[in-house]
Amino acid sequence: MNETKKRFIEFMMSADVLRFGSFVTKSGRNTPYFVNTGNYRTGAQISQLGSFYAKLIHDTAGADFDCMFGPAYKGIPLVTAAAGALYRDYGIDKPYFFNRKEEKDHGEGGSLVGYKPKDGDRIIVIEDVITAGTAVRETMPILKNAADVSVEHMFISVNRCEFGQDPSKTTVSEVMDEFGIKVHSIADVSDIHEYLKESGGYGDVLNGMEEYMRKYCIV
Numbered sequence: 001m002n003e004t005k006k007r008f009i010e011f012m013m014s015a016d017v018l019r020f021g022s023f024v025t026k027s028g029r030n031t032p033y034f035v036n037t038g039n040y041r042t043g044a045q046i047s048q049l050g051s052f053y054a055k056l057i058h059d060t061a062g063a064d065f066d067c068m069f070g071p072a073y074k075g076i077p078l079v080t081a082a083a084g085a086l087y088r089d090y091g092i093d094k095p096y097f098f099n100r101k102e103e104k105d106h107g108e109g110g111s112l113v114g115y116k117p118k119d120g121d122r123i124i125v126i127e128d129v130i131t132a133g134t135a136v137r138e139t140m141p142i143l144k145n146a147a148d149v150s151v152e153h154m155f156i157s158v159n160r161c162e163f164g165q166d167p168s169k170t171t172v173s174e175v176m177d178e179f180g181i182k183v184h185s186i187a188d189v190s191d192i193h194e195y196l197k198e199s200g201g202y203g204d205v206l207n208g209m210e211e212y213m214r215k216y217c218i219v
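With the UniProt record's numbering applied, the sequence shown covers 1 to 219.
Hint data in this document are derived by calculation from the structure and do not stem from the laboratory.
Among the hints, erroneous ones may be present.
[Claimed, not checked] Keeping only pairs whose Cα atoms sit at most 35 Å apart, straight-line, the calculated DSBU-like set for lysine-lysine is:
id : residue 1 : residue 2
1  : K55       : K74
2  : K197      : K94
3  : K182      : K5
4  : K74       : K144
5  : K144      : K101
6  : K6        : K26
7  : K197      : K55
8  : K101      : K26
9  : K215      : K55
10 : K169      : K94
11 : K144      : K197
12 : K101      : K118
13 : K116      : K197
14 : K74       : K6
15 : K118      : K6
16 : K169      : K215
17 : K94       : K6
18 : K144      : K5
19 : K215      : K197
20 : K55       : K116
21 : K215      : K26
22 : K26       : K5
23 : K118      : K55
24 : K55       : K101
[Unchecked claim] Just the calculated beta-carbon pair ranges, DEER-fashion:
id : residue 1 : residue 2 : range
25 : R100      : R41       : 20 to 26 Å
26 : Y87       : R41       : 22 to 28 Å
27 : R88       : E10       : 27 to 33 Å
28 : E210      : K94       : 36 to 42 Å
29 : D148      : T60       : 20 to 26 Å
30 : A44       : G200      : 25 to 31 Å
31 : D89       : S168      : 16 to 22 Å
Backbone N, C-alpha and C define an ideal beta-carbon position, used for all residues, glycine too.
Take these sequences, add in the hints, and give me the full structure.
The following block contains the structure:
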């Protein structure tokens with residue numbers, strides 16, 4: 001595990017975003033750990049989070065894309081922070097936009113806020129976590145209905161590495177096969193497991209994570 005992954009895990013834990021206990025995921029699975037990016041709540045936290053995303057984007061895609069999209073609701077602060085940090089840290093200035101859950105029926109109307117995508121745009125998507133792939137399947141029609149765009153990359157905080165609708169494939173693999181999107185995460189479940197193991201004092205949590213990984217993960 002590299003230093004960036006270690007710092008990111010510690011950052012999530014300090015912000016009470018990465019939590020351990022008993023939770024239920026969007027897919028209905030009982031899990032011993034949970035990532036809730038809604039718990040970021042200070043300027044310092046969102047600035048630092050943006051830098052983690054910006055580094056991943058810079059190291060993976062560079063400036064080879066046209067705009068950035070954050071799905072409502074949690075993707076809105078994530079794409080905003082990532083766009084700001086990408087410019088601040090690397091001088092890459094890209095437009096960003098997000099959607100409303102309910103279409104606006106007054107003023108300019110519509111469901112998209114910020115940049116208006118156009119035909120031929122290559123979009124990257126900024127999300128928090130992929131578990132069942134539901135958010136991706138909701139996002140793609142929104143983007144395709146806006147313009148004739150392509151989505152090559154998605155950037156997320158944590159890859160849970162869980163199998164999806166097909167038990168032989170991870171949800172991330174399904175997203176790649178179904179939409180042609182490469183999913184990149186700042187950290188994944190194996191990194192979190194390794195960090196806890198190296199830190200010590202997480203015996204019960206480790207047992208729960210190992211059981212969960214055996215049952216639901218492909219790593």
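Evaluated hints:
Distance restraint check for K55 and K74: the Cα-Cα separation of roughly 20 Å lies within the 35 Å cut-off, and the hinted pair is therefore satisfied. Between the alpha carbons of K197 and K94 the distance comes to roughly 39 Å, so the proposed pair goes past 35 Å and is violated. Between K182 and K5, the direct Cα distance comes to roughly 19 Å. Compliance with the 35 Å bound is thereby established for this hinted pair. With a C-alpha separation of about 20 Å, the suggested pair K74 and K144 falls inside the 35 Å cut-off, and the hint holds.
Of the pairs offered as hints, the one joining K144 and K101 holds, with about 16 Å between alpha carbons and a cut-off of 35 Å not exceeded. With a C-alpha separation of about 26 Å, the suggested pair K6 and K26 falls inside the 35 Å cut-off, and the hint holds. At roughly 26 Å between alpha-carbon atoms, K197 and K55 fall within 35 Å of each other, so this suggested pair holds. Distance hint between K101 and K26 is fulfilled; the C-alpha atoms sit about 18 Å from each other, no more than 35 Å.
Straight-line distance between C-alpha atoms of K215 and K55 comes to about 32 Å, which keeps the hinted pair within the 35 Å bound. Restraint check for K169 and K94: satisfied, since their Cα atoms lie roughly 33 Å apart, inside the 35 Å limit. Proposed proximity of K144 and K197 is contradicted: the alpha carbons are some 43 Å apart, above 35 Å. Using a Cα cut-off of 35 Å, the hinted pair K101 and K118 holds, with the two alpha carbons roughly 21 Å apart.
Taking the CA atoms of K116 and K197, the gap is near 46 Å; set against the 35 Å cutoff, the hint is violated. A hinted pair counts as satisfied when its Cα atoms are at most 35 Å apart, and K74 with K6 qualifies at roughly 23 Å. For the proposed pair K118 and K6, the alpha carbon gap of about 38 Å is over 35 Å, so the pair is violated. This hinted pair checks out: K169 and K215 have alpha carbons roughly 13 Å apart, not beyond 35 Å.
Annotation: proposed proximity of K94 to K6 holds, straight-line Cα distance about 28 Å (limit 35 Å). For the hint linking K144 to K5, the alpha-carbon distance of about 33 Å falls within 35 Å, and the restraint holds. For the hint linking K215 to K197, the alpha-carbon distance of about 19 Å falls within 35 Å, and the restraint holds. Between K55 and K116, the direct Cα distance comes to roughly 25 Å. Compliance with the 35 Å bound is thereby established for this hinted pair.
A hinted pair counts as satisfied when its Cα atoms are at most 35 Å apart, and K215 with K26 qualifies at roughly 16 Å. Between K26 and K5 the alpha-carbon distance is near 24 Å, which keeps this suggested pair within the 35 Å criterion. Restraint check for K118 and K55: the C-alpha separation of about 26 Å stays at or below 35 Å, so the hint holds. This hinted pair checks out: K55 and K101 have alpha carbons roughly 29 Å apart, not beyond 35 Å.
Between R100 and R41 the beta carbons are some 22 Å apart, a value that agrees with the proposed interval 20 to 26 Å. Evaluation of the 22 to 28 Å hint for Y87 and R41 yields a pass: the beta carbon distance comes to about 23 Å. Look at R88 against E10: about 22 Å separates their beta carbons, and that is not inside 27 to 33 Å. The supplied range of 36 to 42 Å is met by E210 and K94, whose beta-carbon atoms lie about 40 Å from each other.
For the pair D148 and T60, the beta carbons lie near 24 Å from each other, so the given range of 20 to 26 Å is met. Evaluation of the 25 to 31 Å hint for A44 and G200 yields a pass: the beta carbon distance comes to about 28 Å. The hinted range of 16 to 22 Å is not satisfied by D89 and S168, whose Cβ atoms lie roughly 39 Å apart.
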